[in-house]
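When you get a sec, could you build the whole thing from the sequences and use the hints?
Residue numbers for the sequence shown follow the UniProt record's numbering, beginning at 1 and rising by one.
Hints listed in this document are in silico derivations from the structure and should not be mistaken for laboratory results.
Here the structure is a predicted model, which means the values were calculated and not measured.
By construction, the Cβ of each residue, glycine as well, lies at the ideal position given by its N, Cα and C atoms.
Treat the hints with caution; some may be incorrect.
Claimed, not checked - Derived CB-CB ranges, DEER-like:
1. K13 - Y36: 20 to 28 angstroms
2. V45 - Q87: 56 to 64 angstroms
3. H47 - Q75: 35 to 43 angstroms
4. T67 - Q29: 50 to 58 angstroms
What the hints assert, rightly or not - Derived lysine-lysine pairs resembling DSS-like cross-links, with alpha carbons at most 25 angstroms apart:
5. K17 - K48
6. K26 - K42
7. K52 - K16
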Amino acid sequence: MILSDSSNDIAEKESKKTIASDHVIKALQELGFEEYIEPIEKVVVEHKEAQKGREKKNNKFQNSGFTEEELLRQQEELFRQSRSRLQNQMEPDAKEVKTE
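Below, the structure written as structure tokens:
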């Protein structure tokens with residue numbers, strides 16, 4: 001709790017809304033926990049390297065071969081078909097309607 005409060009204070013002083021690893025390291029220094037800094041810095045470096053090597057997720061829409069306009073047209077057609085099916089389901093069958 002003390003570490004997170006101190007890290008948050010440091011981030012706020014730097015006008016940051018997110019606590020970064022640098023803020024945690026500075027807080028560790030201020031609190032006298034220097035022995036933890038080196039292992040944390042190693043983990044941060046490893047994490048950054050792992051992020052670089054990670055394949056970026058493919059955007060299936062960009063790789064679809066369609067323009068944005070074509071994709072929008074297809075989406076509208078799917079919505080139209082869905083509305084039509086829904087309306088057909090809600091209409092009572094003529095066989096089920098009793099007339100008196």
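Checked hints:
no., hint, in the structure
1, K13 - Y36: 20 to 28 angstroms, "21 angstroms, holds"
2, V45 - Q87: 56 to 64 angstroms, "59 angstroms, holds"
3, H47 - Q75: 35 to 43 angstroms, "38 angstroms, holds"
4, T67 - Q29: 50 to 58 angstroms, "53 angstroms, holds"
5, K17 - K48, "21 angstroms, holds"
6, K26 - K42, "15 angstroms, holds"
7, K52 - K16, "24 angstroms, holds"
Violation of the numbered hints given earlier is absent; every hint is satisfied by the structure.
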